[in-house]
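Participant: Here is how the chains run, residue by residue.
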Amino acid sequence: MDRFLTLVNALNLDDVRYLVIGVWAANYYARGASLVFHTKDRDLFLPADADNLVRCWNACDSSGLSLWSGDEPLDSPRDRWLAERVIERRAAVRAADDHGMEVDLSLVMADLEFEAVWSRRRTFTVDGIEISVARLADVVTAKERVGRYKDRLFLATHREALQELLDREAREPS
Amino acid sequence: MLDEVTEEAKSIRIEIDDDYLHAIELVEALPENQSGSDKTWVHRLVQESEAHFARARRKR
Chain A
78 MDRFLTLVNA
88 LNLDDVRYLV
98 IGVWAANYYA
108 RGASLVFHTK
118 DRDLFLPADA
128 DNLVRCWNAC
138 DSSGLSLWSG
148 DEPLDSPRDR
158 WLAERVIERR
168 AAVRAADDHG
178 MEVDLSLVMA
188 DLEFEAVWSR
198 RRTFTVDGIE
208 ISVARLADVV
218 TAKERVGRYK
228 DRLFLATHRE
238 ALQELLDREA
248 REPS
Chain B
2 MLDEVTEEAK
12 SIRIEIDDDY
22 LHAIELVEAL
32 PENQSGSDKT
42 WVHRLVQESE
52 AHFARARRKR
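Residue numbers (the working numbering), protein chains in the order written: chain A, 78 to 251; chain B, 2 to 61.
Okay, chain B solo, but in the shape it has when bound (with noise of 0.2 Å):
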């Protein structure tokens, strides 16, 4: 089964469409993702998931 879904996965092709470069357009142009935005938001997200999984011990 593994096997099969391995095969299947070198199959994906993903073209940027235009549907795709619109909606990249759309998230670019937001003022959050102008020029001098503060991101630390999401840097403080992966810190607190690594962190969250640094902890977690197997159970069983």
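Okay, chain A solo, but in the shape it has when bound (with noise of 0.2 Å):
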């Protein structure tokens, strides 16, 4: 099992809420190879809900990664009053493993809320394993609403690309 399914595999089990936004949310969608990104970088949405961010925590070590804020671990213990304080700041948490793969744990998508965005979710599967993915239009416009460099380059080859596939089942209609 990939080192990301084993997360999210744990976060299923510990009831965790979460939705994969991002790059990889947007991979979910690809319609061909052409389509899908290849980057490192995965990154979560979680609600303002200190439990839930405590049991996403304890799935994060249980699969094997480390909890970093900045560029310093996070503070133990991993408590309730741990998640209220971060909650509080909305401060960004990493989650990481010596192999190069690294999770953001991010409690803000740019100013969408969480059960607005929970609730057009979809669950898709990967060998057999549940992943909740946010809806492709709210990834896209979260992207926008950020607009940082980063995501202004994806903006720019996702909508070509996507043009593209659309053009040519157009003219090739299977």
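Among these hints, one or two may not hold up.
Residues from chain B that face chain A, not an exhaustive set, calculated with beta carbons under 8 Å [unchecked claim]:
1. T41
2. H44
3. V47
4. S50
Bear in mind the hints are in silico, worked out from the structure with no lab data behind them.
Every residue gets a Cβ at the ideal spot worked out from N, C-alpha and C, and that includes glycine.
Join the two chains into one complex using the hints; note that each chain is given alone, in its own frame.
Facilitator: Below, the structure written as structure tokens:
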């Protein structure tokens, strides 16, 4: 099982509410290899729920991922009190392993509300494991609103690839 | 030249216009993009790509 899938499986088993967002989420909607973006970055959107966050940290730990806040290991004990402080500050925590995988545990997705994005989610499976994924429209909307250089680059590439694909299919209906 | 490209890249603005939204709607409506769909191929593709580049060795 790949390392990200190991984490997703642990999140599911611990009943963690999460959504895959960002470029990796967009990959699940790809029609073919040309629309898959190769990145080691994974982004999870989490609700502002301290108990859920503690369960998420535990799942990361059981999956062999260490937790980081900036360049420092996340404080311990990783309990409800710490989760509430992290939520207050909407602080970003990153889960990482020794093989280069990094998963950003984000409490914000531009100005979108977790519950709204959650209600629109899709649930896909990979090797029989369910993965909660934000809708493509939400992923793209968040990228437009955040508007960092890498977001704009993604949008430019994604839009072009999507349009080419649809144009090709219109010319060559199966 | 690199500076010029960097400056140019900063000015990229992508609007989510009607065409882009329509394309997203079409993609989201595909049968393979409904809940319950199997996406194992996406993981396999990325794994194979990562393995390929991990094996790459500089020749010169």
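Participant: Take the hints in turn and mark each one as holding or not.
Facilitator: Hints and how they fare:
no., hint, in the structure
1, T41, "holds, 5 Å"
2, H44, "holds, 5 Å"
3, V47, "holds, 6 Å"
4, S50, "holds, 5 Å"
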